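Those sequence lines, one after another, are chains S and Y.
Take the first sequence: its position 419, counting from 1, is numbered 419 in this note's numbering, and each next residue is one higher.
Take the second sequence: its position 337, counting from 1, is numbered 337 in this note's numbering, and each next residue is one higher.
One or more of the hints may lead you astray.
Identical chains share a label here; the pair holds if one copy fits it or two copies do between them.
Derived pair list, reagent style BS3-like, types lysine-lysine, alpha-carbon separation capped at 27 Å [what the hints assert, rightly or not]:
no.: 1; residue 1: LYS175; residue 2: LYS158
no.: 2; residue 1: LYS213; residue 2: LYS158
no.: 3; residue 1: LYS389; residue 2: LYS44
no.: 4; residue 1: LYS175; residue 2: LYS213
no.: 5; residue 1: LYS213; residue 2: LYS84
No lab work stands behind these hints: they were computed from the structure.
In this text the structure is predicted, and so the values were computed from the model without any measurement.
2 protein chains.
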Amino acid sequence: MILTDLATRAYNHNWRLDPVVRSLLDTDFYKLLMLQMIWLRYPKVQATFELINRSRQVRLAEVVPESELRAQLDHARTLRFTKKELIWLAGNTFYGRTQMFRPEFLAWLADFRLPGYELSREDGQFVLRFPGPWTHTTLWEIPALAIVNELRSRAAIKDRGRFALDVLYARAKAKLWEKVERLRALPDLVLSDFGTRRRHGFLWQSWCVQALKEGLGGRFIGTSNVLLAMEADLEAIGTNAHELPMVLAALAGDDAGVRAAPYRVLEDWRELYAGNLLIVLPDTYGTAAFLRDAPDWVADWTGFRPDSLPPMEGGEQILRWWQARGRDPRGKLLIFSDGMDVDSIEATYRHFHGRVRMSFGWGTNLTNDFRGCAPFPTDGLDAISLVCKVTEVDGRPAVKLSDNPRKATGDPREVQRYLRLFGAEGMAEKPVRV
Amino acid sequence: MILTDLATRAYNHNWRLDPVVRSLLDTDFYKLLMLQMIWLRYPKVQATFELINRSRQVRLAEVVPESELRAQLDHARTLRFTKKELIWLAGNTFYGRTQMFRPEFLAWLADFRLPGYELSREDGQFVLRFPGPWTHTTLWEIPALAIVNELRSRAAIKDRGRFALDVLYARAKAKLWEKVERLRALPDLVLSDFGTRRRHGFLWQSWCVQALKEGLGGRFIGTSNVLLAMEADLEAIGTNAHELPMVLAALAGDDAGVRAAPYRVLEDWRELYAGNLLIVLPDTYGTAAFLRDAPDWVADWTGFRPDSLPPMEGGEQILRWWQARGRDPRGKLLIFSDGMDVDSIEATYRHFHGRVRMSFGWGTNLTNDFRGCAPFPTDGLDAISLVCKVTEVDGRPAVKLSDNPRKATGDPREVQRYLRLFGAEGMAEKPVRV
Numbered sequence: 001m002i003l004t005d006l007a008t009r010a011y012n013h014n015w016r017l018d019p020v021v022r023s024l025l026d027t028d029f030y031k032l033l034m035l036q037m038i039w040l041r042y043p044k045v046q047a048t049f050e051l052i053n054r055s056r057q058v059r060l061a062e063v064v065p066e067s068e069l070r071a072q073l074d075h076a077r078t079l080r081f082t083k084k085e086l087i088w089l090a091g092n093t094f095y096g097r098t099q100m101f102r103p104e105f106l107a108w109l110a111d112f113r114l115p116g117y118e119l120s121r122e123d124g125q126f127v128l129r130f131p132g133p134w135t136h137t138t139l140w141e142i143p144a145l146a147i148v149n150e151l152r153s154r155a156a157i158k159d160r161g162r163f164a165l166d167v168l169y170a171r172a173k174a175k176l177w178e179k180v181e182r183l184r185a186l187p188d189l190v191l192s193d194f195g196t197r198r199r200h201g202f203l204w205q206s207w208c209v210q211a212l213k214e215g216l217g218g219r220f221i222g223t224s225n226v227l228l229a230m231e232a233d234l235e236a237i238g239t240n241a242h243e244l245p246m247v248l249a250a251l252a253g254d255d256a257g258v259r260a261a262p263y264r265v266l267e268d269w270r271e272l273y274a275g276n277l278l279i280v281l282p283d284t285y286g287t288a289a290f291l292r293d294a295p296d297w298v299a300d301w302t303g304f305r306p307d308s309l310p311p312m313e314g315g316e317q318i319l320r321w322w323q324a325r326g327r328d329p330r331g332k333l334l335i336f337s338d339g340m341d342v343d344s345i346e347a348t349y350r351h352f353h354g355r356v357r358m359s360f361g362w363g364t365n366l367t368n369d370f371r372g373c374a375p376f377p378t379d380g381l382d383a384i385s386l387v388c389k390v391t392e393v394d395g396r397p398a399v400k401l402s403d404n405p406r407k408a409t410g411d412p413r414e415v416q417r418y419l420r421l422f423g424a425e426g427m428a429e430k431p432v433r434v
Numbered sequence: 001m002i003l004t005d006l007a008t009r010a011y012n013h014n015w016r017l018d019p020v021v022r023s024l025l026d027t028d029f030y031k032l033l034m035l036q037m038i039w040l041r042y043p044k045v046q047a048t049f050e051l052i053n054r055s056r057q058v059r060l061a062e063v064v065p066e067s068e069l070r071a072q073l074d075h076a077r078t079l080r081f082t083k084k085e086l087i088w089l090a091g092n093t094f095y096g097r098t099q100m101f102r103p104e105f106l107a108w109l110a111d112f113r114l115p116g117y118e119l120s121r122e123d124g125q126f127v128l129r130f131p132g133p134w135t136h137t138t139l140w141e142i143p144a145l146a147i148v149n150e151l152r153s154r155a156a157i158k159d160r161g162r163f164a165l166d167v168l169y170a171r172a173k174a175k176l177w178e179k180v181e182r183l184r185a186l187p188d189l190v191l192s193d194f195g196t197r198r199r200h201g202f203l204w205q206s207w208c209v210q211a212l213k214e215g216l217g218g219r220f221i222g223t224s225n226v227l228l229a230m231e232a233d234l235e236a237i238g239t240n241a242h243e244l245p246m247v248l249a250a251l252a253g254d255d256a257g258v259r260a261a262p263y264r265v266l267e268d269w270r271e272l273y274a275g276n277l278l279i280v281l282p283d284t285y286g287t288a289a290f291l292r293d294a295p296d297w298v299a300d301w302t303g304f305r306p307d308s309l310p311p312m313e314g315g316e317q318i319l320r321w322w323q324a325r326g327r328d329p330r331g332k333l334l335i336f337s338d339g340m341d342v343d344s345i346e347a348t349y350r351h352f353h354g355r356v357r358m359s360f361g362w363g364t365n366l367t368n369d370f371r372g373c374a375p376f377p378t379d380g381l382d383a384i385s386l387v388c389k390v391t392e393v394d395g396r397p398a399v400k401l402s403d404n405p406r407k408a409t410g411d412p413r414e415v416q417r418y419l420r421l422f423g424a425e426g427m428a429e430k431p432v433r434v
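Extracted from the complex, chain S is given alone in its bound form (with noise of 0.2 Å):
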C-alpha cells in the first residue's frame, strides 16, 4: 500500500499558479548596481523597455497562451523585496566591498513594486512594452525574459508523460554534467553563471548552479542570479549592461552628446564602484568606435567585456589597444558572455592563456541547452534570442548598433543616424542563436 500525504496531494492539485518568479531577487545582480547609479542620478528619466523576439520564426503568442503569460506577470507584480532580502542586501559583501548598496537605496527598495505592463499580440509575436521611471521599468527586464521563456518551456513539455520527462531531465543532466567535466581540465577557469534570463526555468537554473558548485570547485566563482547567489551563498555577480549608454545616449539629444555618452556612463559608473566593477562594456555603438575615441584614463579600467564580437577577435582587438596604449594586459580581465558554450570556452581560455586575465560569464548554453535531451520530436525547447531592451526614453527612441548588425535595436531611422555618428569599423553580421 501506497500512503499518500494527502496535504501535499491536495496543496499540489490545487495550484491556482505554479510561479515563475518568486523573488524580486530572482534578477541579475547587475541589475541592482545599475538601479541604484540610475536612481542617484536619473531618478526622474522615463524609460521605456520592450521584449523583441529576435527569432522571429517562432511565434510566441501561438505558443504562450496570453492569460497564462499575464498571470505570471501579475504575479510578479505582488512581489515585493523581503526583510530577510535587504537585510542580506545591505549585510553582504559584493566584489570584497560591504555596504555596496546605500542605505537610503535600500530603504527605498523597501516600498519597490513591478510598474505596469502593455501587452498585445501582433502577427504571432507578444507587444510586451513596460512603460514608466526607469528606476522601475528597468527591474523589469529580467522577470519578463524569464517569464516567457520559461512559459514556452512549459508549453513545449506539457501533455507529456511522467516517463518522457524523467528521460528528458535525465538526459539533459548528463549533458550539462559532460560539459562540466570537460571545463574541469582547465585549471586556472574562472567561470560564472550567467543564465537567469534565457534560463528552461527557475528550477533547473538552480540545478546547472549547483552542478557548476560541485564539479567545478572555487573554478565556480558564483552566479549572476541574486536569489541563488544567496540562497546557495554564492558570489553575485555581474556589472553593467548596454541599456545605460542607450539611456544616456537617447537623453543627450544632439550630436556631440550621442557621442559622449559611451564615457558619461564610465564617469557615473566609477563615482559609485571601484576594482573589479570597473568593467568596460564597449559594443554598445560598435567597439572599434569606442576605442578609437576612449579618453585615456579608460585604459586604467579594470578589464573589458567584449559582447558581440567573436570572443578571439573582440579580445585580441582590446589587448592591441590595451599595449597601445602602454598597459600591460596580463594585469588587465577580459569577461566573456556572448553565446558561450564549451568548445568556444575552451578555445578562448586555451587561446588567450597567460595573456591577460580571463572570466567566462556562461548563459544560455549552461541554463538552457536541451538539443537532443527531448524523447519526443519538439523544437520548442530550443533556446531562442529573446531580448528586452530599451526603446523609449523621455520620448526619443534609444539605439543600440551592436559589433553585430543582427543585434541593433531602436527605430531604423535613428539606428542610422548613430551609423554616421560612430561609423561601421569593424561590424560585420553573424547569426544570432542566443
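Following the hints, put chain Y in place on chain S, whose structure we already have.
Structure of chain Y alone, referenced to chain S:
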C-alpha cells in the same frame, strides 16, 4: 518556508531495513515453471544451491558487511506469497495459456517460505549455501543474487552526496535511453528483460522495464521478473534453466543415466508445458554433444536458447542441425540471452533476420550498466559475474560443463568424469564478464 511532511520524514529516518526483496514474486518466472515440475516429479530431492562469484578479484565479503547480508536474507525468509499474488498466478494467462499453475501447486505455494541458509566468509568471499529440499532451495537463487548485487551497489554509493547520486542516475538513464533509441531501429525486434538476478537494484530494474515499455512498445514483450510483470501488466517470460539437467544427471548416478539426463529433462518438461515454453537449453554439458546425441523429437521443439557460445556461432550450429533433420528454421525460435548488449543484439538480429525467429533476453547490460556513469571514481558499480548454482544433490555433486569451460561448476573430479562422458567438442574458453 519549506513545509516538511513530518510523518514521512520520521518514517524515512527510522527504517530498520530497506529490503532488497519485498515479495516472493520478485524472482524469475522460469523458477516458478521449474518449481511446479520439481514439486510434481521430484518432491523428495535434496539440492544445495551455492553462491559462486566468478569475479574473484572482487572481494565481496570486504565490500558488503555480513550483518547487512544476514539482515536481508533473514528478511527474505519472512516473506510469503500474498493472497493477491496467488490469485494473480491462478487467474493470469501465461504464454497464452490459462491455469498454467495447478490449483494444488498454488495451494502448496501459499505455505511456502524460503528455507535457512549457511553463511561464512573465506578468503574475502562469502560462502553462502542453501541446503534443503529442491522444492525450496531452488527459489533462493534469484533473491540471493539480487540481494548480494544490490548490497554491493549500495556499498559503492554509500557516503556519496545527494548531487553525485543525482548525476549518477541521470547518466544511467540517459545511457539506457540511447540504447533504447538504437534498438528502436530494429523493426522486428522481440526483446524481454532478463535482468533480475544481476540488477543494480530493484527500483532501477523497474525504471529499466518502464523505459523499454515506453520506448520499444510492442517490440518489448515482457519481463522475466514476475512481480514487475504483475505490477506493470506485462508478460512474464522464461522457460527453464541448467539446474534441471544438473540435478537429473546427479540423481542418475551411472554413466548412461548421466548421458540421458538432458533429454529426460525435456520429457518431464513437455508433459507439463507446450508451445513457446518448449525451448531447449542445450549447453549444460556442451551444445555439440547435446545435438549429436539428441533424439529426433527434440527437433520438433519450438526453439533453443544458446547460452554460452557466441550468438552467431551457437545459432548457426543449431540452424545446421535443424536443417540436417529436415526442419525449416524459419518456423523455429532462437532465444539469445548470454551477456547481450545493444551491439551484439544488433549484430545477431541482422545476422539471422529472415532465417529464423529470434527473441532476446537482455539481462545484466540492461539492469546493471553503470559504466562511465559515476561522477566519482569507483569500480563498485561494474557488474560482476555472480551465480547461484546447485552444487549437491542427495549427497552427490552436481556439475555443469557449459560450452565455455570458465562457466563450468562442480567438483573437479566429477567435472572430469562428465567431460569424459560428453566429450569436449566445441568447447572454448572465453572471458566471462557478466
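Here is how each hint holds up against the structure:
1. LYS175 - LYS158: both (22 Å within a copy, 24 Å between copies)
2. LYS213 - LYS158: between (30 Å within a copy, 21 Å between copies)
3. LYS389 - LYS44: Answer is within: at 19 Å inside a copy they meet the 27 Å cutoff, but 85 Å across does not.
4. LYS175 - LYS213: both (16 Å within a copy, 24 Å between copies)
5. LYS213 - LYS84: within (24 Å within a copy, 48 Å between copies)
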